[in-house]
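Same order as they appear, the protein sequences are chains A and B.
Residue numbers are given in the numbering used here: position 59 of the first sequence equals residue 59, and the series is strictly consecutive.
Each position in the second sequence, counted from 1, maps to that position plus 728 in the numbering used here.
Worth flagging that the hints you see were computed from the coordinates, not collected in a lab.
Note that beta-carbon positions come from the ideal geometry of N, C-alpha and C, so glycine has one too.
Be careful, since some hints might not be right.
[As the list claims (entries may be wrong)] Simulated pairs of lysine-lysine, DSSO-like, Cα-Cα distance not exceeding 30 Å:
1) A/Lys-414 to B/Lys-997
2) B/Lys-997 to A/Lys-722
3) A/Lys-724 to B/Lys-997
[What the hints assert, rightly or not] Pairwise CB distance ranges, derived in the manner of DEER restraints:
4) A/Glu-663 to B/Thr-738: 46 to 52 Å
5) A/Ala-146 to B/Glu-977: 50 to 56 Å
6) A/Gly-33 to B/Gln-973: 51 to 57 Å
7) A/Pro-475 to B/Thr-773: 55 to 61 Å
8) A/Val-147 to B/Arg-771: 40 to 46 Å
9) A/Leu-86 to B/Arg-871: 54 to 60 Å
10) B/Val-769 to A/Ala-219: 39 to 45 Å
11) A/Ala-146 to B/Ala-981: 49 to 55 Å
12) B/Val-769 to A/Gln-487: 38 to 44 Å
13) A/Ala-137 to B/Ile-789: 43 to 49 Å
14) B/Ile-832 to A/Glu-448: 41 to 47 Å
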Amino acid sequence: MAEERKFGWGPRKDNVLIGKSIQRIDGFEKVSGKAQYTADINTPGTLYAKLLTCTHAHAKLKKLDVEPAKKIPGVRAVYIFPAGDLKAEGAGEIFWDGTLIAAVAADRPEIAEDGVKAIIAEYEVLDHIVDEEDLKAAEAKGATKAVGKNAKGKVEDALKTAKHVHKGYYGVHTISHMCLEPHGTHCEWKADEVLDIHASTQNVSGLAGQFAGPLGIDAAKVLVTANFEGGGFGSKFAADEWGIAAAKMAKETGKPVKLMLDRATELKAAGTRPSGYIDVTLGADETGKIVAWDSHHWGSGGISGGSIPVGGIPYVFDFENRSRTATQLNCNVGPTRAWRAPPHPQLCILTHCAIDDLAMKMGKDSYDVFLTNLEQTAGTAAHLPETYKAEMEIAAKLIGWKEKWHPHGKDAGKGAVKRGLGMALHTWGGGAGGCACNVKIHADGSVESFVGSQDIGTGTRTVIAITLAETFGLPLTAIKVNLGSNQYPASAASGGSITVGGVSGAHRRAAQTALWKIFDLVAAKYKVDAGTLAAKEGSIVSGDKKVCTWKQASMLLGPMGLETKGEGPAEDGLTSSRVGGVQMADVSVDSETGIVRINKYVAVQDCGLIIDELTAKSQIYGAVIMGIAYALSEERVMDKKTGRYINADLQNYKLPRIGDIGEIVVNIYQPDSEYSRGVIGLGEPPVISPGAAISNAVANALGVRVPVVPLTPQRVLAALSKSKGGAA
Amino acid sequence: MRDFDYAAPTTVAEAVQLLQSHNGAARPMAGGTDLIDQVRVGRLTPDLVVDIKKIPELTAIDFSTTGLRIGAAVPCYRLYHDAQITAAYSALTDSATIIGGIQIQSRASVGGNLCNSGPAADSTPSLIALGAIVVIAGPKGTREVSVDTFCTGPGKNILERGEFVVEIKLPARAAHSGSAYQRFIPRNEMDIAVVGVGVSVTLDAAGQNFVAAKIALGAVAAKPLVADAAAKALIGQAVSEATIQKAAEAARAIATPIDDMRGTIEFRKHVTGVLTARVIQQAVERARAT
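Could you put together the complete structure from these sequences and hints?
Below, the structure is given as structure tokens:
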């Protein structure tokens, strides 16, 4: 029988749970407030820490006096960060607004705030540069660095002979991650020098070493727990200097210390998505097939790099004749971190807006131009062109592309409000991440699993429970999932949409291994052929015949039960990688006020085998909302004069309201050919297309390109004014 | 956050006494939606917060043939839940429905919105357009002033030490009149106004000519503006696109916004014109519907 025992998913039609719409098993805890996030941890005696940051873009710290803070009753510890440590060599130069200088831990948050206010910090303000868009100004200040150039084919010749040539400028401003639960930790030292950490992290299994090094202790002495996490989006992989500060202050005071970033510091210091701007010339033949691409893009990821690399442009496509150059601006702005599908959203805007404008110039339907160029999709799995084609057809039907589309700027309506359609497409890897797990079947038939992965709000617990319940033929309620601790088998950080593949693959392997063992025991006991056995509806069956109950089968394991290990990823077909998606936007633009409204937004997405359709759809809804945010209103605003991040708060950092979202239609492309690919991650890809799709819809409505995202009313009006010969 | 004392008097006299006795360090509180936030961030550091909601007349509404009287602590939701007020004083209920979200509207009052004296306050242009009178109690007794002159700058108004607003009085509406308020915000809801416009118009019986008009602008100057020239451009004229555009142009001309992250001067002046024309149009439609 052994040769038949290969890891794999069952026939799609037989699935009881996999692929169905199932509510999260921890949903009640989350919506009722029962779930304990790191910000909720308050063990007895916990001190609260607050931060002093520098609000200059570039400055020399001349003096730092923390003694007044220490004198305040209730203040228990003051910690000085490396940037504030004037004794350290080369210290004292600050390069961006939000740099951490000191932390104060006190009995109450208000006292800690008073302590922060009491600290005396004096600076010599230095020259700064915060304009990430103005390449020439940055060059004049010597604040640029070439980060790559490569070319293939004969770009110049191809542009000369191209039937249609378009030259354009596009851009997307920097945004912050804006995690609802800010970055932070609760640190408590226990007996035997063990550091017990609750962290808001995407990296449960990988944090111990990051704390151990700076603290001078063994990684084995660091416990990390993250039962729930309130948003990370790629910014929560590290211990971070504020985590180390909390641990050190806890050590110094002998009390637990909780340090969660305040909202302003969260926005300034805990991660941004870098900006991107592009000058591009592209040419097409008479059919709309793009024959040449020549571009230079730039942007800033902060003072020490992290801008958009040269690869990846043009996005999704690659053309026979293609030249690309990238420049990094070293601006006095907070550092970048991975932001959901880095840097695809920017690449998509910089590429697909240019393609759409080419279509406008040709007087062609953008849909047809994208379709014509599908054969030129680049460096991706062979299935993609045909998948894109199928997804474009579905999306077009859902949004009514054929009925509603009009040539750019030719809305027949008479009023100030113009309507338009736009589209974009995207791709992503999403291959399974490294994951080890233990699955335990107790002698009474109860099942639990242990994995050092984390649920970053994406449904990891539910995915694991469904995988195990489906494999064992048990109800979801029979499975207990344990995750979020570095005491469980190590699992990769949740970034890159690798978690669903990682945990489902490893748990399926562990579960199938256990099940085969049980089948052998049942076969011996009940004199049946193990090869005919299956686990269904709480029983072990042979064909149509029930052999025994799950509980009876479990008793055969003896008093110790059975524990099996699962690992991954593996090349066994349970998981794979590479997805595509097509999104379309239907917008209305008020040409007098510049307001853009989303009427309808369609997202079609493939992602292989779906474990939980409800969770998968939720990911897409969330991604689209996040995309609408950066397409319409969300951006970091730096004040050029002072160099400060002036909208680092929830009032002026413009996230959309529910009323800004419009109707979202989600369609998961899942023919049997997708099921047979196995599980692929989906968390990131649907957030990629909205910037370009919405910008293209606005261009279709107005017949004028608003070059830089987000499409604020002011930028819309400026573009309209410029098109009429006025000032931009 | 600085600690403060709390008092909840039940009479106007008692409240005046408490405010007066703290030498400027006492603040009246109605809904508290502005005050508490300002105390939390340290912008205000009162020693005493005087809750005025327990004074019965401050939460009273009186709608009669002579006009409307609103206690200064009446929360917004009570205005737009009142069909009579919504029909007669539409501009004010337009404002009340968009000040914050539902939770805020259940606490926040028009009186508080006025006294916070933010240039972008949503209810003030409506009060100006509707000809409101502000009733103020203080150590020297009670006085009444036109809302037109109440605000004097960002966060500043004519209230003197020990004084607080007890009531807002709106005159009865003339026949064939209509009013409206709209604001421009970059998002669909719960945002601070970039431009706000309140308009009240009275038409002739045929609904063809402007008989009276009053227009006010918010968020485009250091205080809400009374757009007299814009109103004059309407009065005595036929209701037409051309007339309305003249008024819009006059409104745009008096706007003196600042450049900030909400928008440039040019952008905000432009939107002032667009919005003024749209709000006049809406007020006309409402006047014709009466």
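Now for the hints, and whether the structure bears them out:
Taking the CA atoms of A/Lys-414 and B/Lys-997, the gap is about 24 Å. The hint holds against a cut of 30 Å. Proximity of B/Lys-997 to A/Lys-722 is assessed by CA-CA distance (about 17 Å); at most 30 Å being required, the pair is judged to hold. For the hint pairing A/Lys-724 with B/Lys-997, the CA-to-CA distance comes to about 19 Å; that is within 30 Å, so the pair holds. For the pair A/Glu-663 and B/Thr-738, the beta carbons lie near 51 Å from each other, so the given range of 46 to 52 Å is met.
Distance hint check for A/Ala-146 and B/Glu-977: the Cβ-Cβ separation is about 51 Å, which falls inside the suggested range of 50 to 56 Å. In this structure the supplied range 51 to 57 Å holds for A/Gly-33 paired with B/Gln-973, their Cβ-Cβ distance being about 54 Å. For A/Pro-475 paired with B/Thr-773, a C-beta distance near 59 Å keeps the hint of 55 to 61 Å intact. Separated by about 44 Å at the C-beta atoms, A/Val-147 and B/Arg-771 satisfy the suggested range of 40 to 46 Å.
A beta carbon spacing of about 58 Å between A/Leu-86 and B/Arg-871 agrees with the range 54 to 60 Å that was offered as a hint. Distance hint check: the CB atoms of B/Val-769 and A/Ala-219 are about 41 Å apart, consistent with the given range 39 to 45 Å. Separated by about 50 Å at the C-beta atoms, A/Ala-146 and B/Ala-981 satisfy the suggested range of 49 to 55 Å. Taken as a hint, the range 38 to 44 Å holds for the pair B/Val-769 and A/Gln-487, whose Cβ atoms sit roughly 41 Å apart.
The hinted window of 43 to 49 Å between A/Ala-137 and B/Ile-789 is violated, with their beta carbons roughly 58 Å apart. Taking the beta carbon of each, B/Ile-832 and A/Glu-448 are about 46 Å apart, inside 41 to 47 Å as hinted.
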